[in-house]
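Visitor: Going down the list, the protein sequences come from chains A and B.
Taking this note's numbering, the leading residue of the first sequence gets 362, the next gets one more, and so forth.
Taking this note's numbering, the leading residue of the second sequence gets 498, the next gets one more, and so forth.
Read the hints as simulated data drawn from the structure, not as lab findings.
Any given hint could turn out to be false.
[Claimed, not checked] The calculated lysine-lysine pairs, modelled on PhoX-like cross-linking and capped at a C-alpha distance of 25 Å, are: (1) K673(B) with K461(A); (2) K461(A) with K502(A); (3) K783(B) with K502(A); (4) K481(A) with K606(B); (5) K461(A) with K783(B); (6) K673(B) with K408(A).
These figures come from a predicted structure and were not determined experimentally.
One-letter residues, chain by chain:
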Amino acid sequence: MAFAKPRDAAETAGAAMGETLIEARDVAKTFGDGRVIALQGANFEVKRGEFISLVGPSGCGKSTLLRIVAGLLARSSGELRVHGEEVTGPRTDVAMMFQKPTLLAWRTAVENVLLPSEIKGRVGQAERRKAIELLELAGLKDFAFSFPSQLSGGMQQRVALARLLQTGADVLLLDEPFGALDEFTRERLNVELARITREVGATTLFVTHNIGEAIFLADRVFVMTPRPGEIARIIDVGLERPRDPSIQVTPEFNALVAEVRSTLGGAE
Amino acid sequence: MSATDETSALASSGQWSWRIVANHVAILAGLLGAWEIGARTGFLDPLFFPRPTDILAGFWRLYVTQGNIWDHLGLTVAEVLTGFVAGSVLGIGLALLVGMSDRLRRYLKPYVIISEATPRIAIGPVIIAAFGFGWTSKVAIVMLVCFFAPFVNTLNGMVNVDENEMDMMRSMRASKWQIFRKLMLPDALPEILGGLRLAMASALGGALVAEFIASNAGLGVLINQYTGVLNMASAFVCVLTLTVLGFFIFRGMEALDHWIVFWSDRRRTEQVSRRRARAWSERMEKRT
């Protein structure tokens, strides 16, 4: 299959499930000579194949944390390791997706998906086939040659998702990727995101301010609170997979929502 | 952009019916007829309004029997094109260089603002004093006129790149050169072409003013000569020639914009989309 790299990696490591991919020790970020604390004392480990949601109100540092893991933002202090290596900048095994699709308007969908391969300087038949297959995986079989302006907002994010997977990275960072979409489109894309990340064996950090969405997708939820931004609590979700949207009305699900809410409420 | 949109909208909605064309012809004929009669009866001063028939005769004389307009026209066009290419290449090139470097941008900005505030035509006589009455000084003036719009627009286009898109490129470990070539440059293209259009619009005017100031050939000189001896019909021929020239230059730039920045037009986007799909399947078939 096209997703050979992450999946094979996941299978070979299958026995060693529990291998730690991301390790954070007292990661903090301050601005303005330390006067503004955007994020303080983040401590966590993320294991291979895990899906982590970071949820919290604006100003809780969730996007800051994500950008630090992406290597786009330098941390002020603390230790951060991915694959056991100190993070000093963007890495090829970590890829990020944004709230805006950030597609290039002058490229067709498939050309946009090929961008990461182009940047690595490797565009052959294999990469081209993989790009088409990823577009199919994202449900855009018939739109490979459409330009972004010809696609709806939801479809544009599907292209961005395919591009994210084309990087071959096994750590995926998603910063409110469907936040600008309508409720129905978002729910459908969330179900597909859950399916796709499992299928490719990705390790995922997903930022959102929607509590239900955070729980629905995650193995563990990092509940974050503002002023100063910090991880207030880590909640194990423990719901069975694959999950259907209907689980969102079950008592177990609502108990989890209440738990997240009480953590967030206590901070305010 | 807007002009093409309007004409294509008209054409597609089938509004160019014979009746409308006939109306236009009737109005034009009426105007010219009134003008002709007014000039013949002395109601219009022929010094300012030479008879249309005289202007028509002037076209025949200047382009065919005497044929003296060709050299002047050729020279003016050559000045415009050379100055335009040199000025805009310099403008765009410098802006790309400056846009890539924060430091250059900071230090060069005041000079650009100062030189932008200076009326360009005021420097005309200075340039003529430096380069003489010939071809070089005209090209230099057109160059100057054509430098700023592409420079400012290109710089704007480079600076206004979306921060999220920059992060997207950085997160993929794109080099500075890759970010420039794959993101900043194509992203700035609509603005660069807008700058080129502005430059082209002022290039013709710049060349004429330069010729008016001091020159021995070119359409501006010809206009000066004819008005000097009150041969207004021939002067009108030169002016109308410039009208046609300006029209084609404007349309040419529009077509270039339309062709390059295809993604800002829906129909062009669909066209390019089909072409890329075809090219893709041909490539995949060839190699498998």
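Visitor: Now tell me if each hint is right for this structure.
Guide: Now for the hints, and whether the structure bears them out:
Between K673(B) and K461(A) the alpha-carbon distance is near 22 Å, which keeps this suggested pair within the 25 Å criterion. For the suggested pair K461(A) and K502(A), the alpha carbons sit about 22 Å apart, so the restraint of at most 25 Å is met. Note on K783(B) and K502(A): the hinted pairing holds, with a Cα-Cα distance of about 21 Å set against a maximum of 25 Å. Note on K481(A) and K606(B): the hinted pairing is violated, with a Cα-Cα distance of about 35 Å set against a maximum of 25 Å.
Distance check on the hinted pair: K461(A) and K783(B) sit about 36 Å apart at the alpha-carbon level, beyond 25 Å; violated. With a C-alpha separation of about 33 Å, the suggested pairing of K673(B) with K408(A) is violated against the 25 Å cut-off.
In summary, the structure is inconsistent with hints 4, 5, 6 from the numbered list given earlier, while agreeing with the others.
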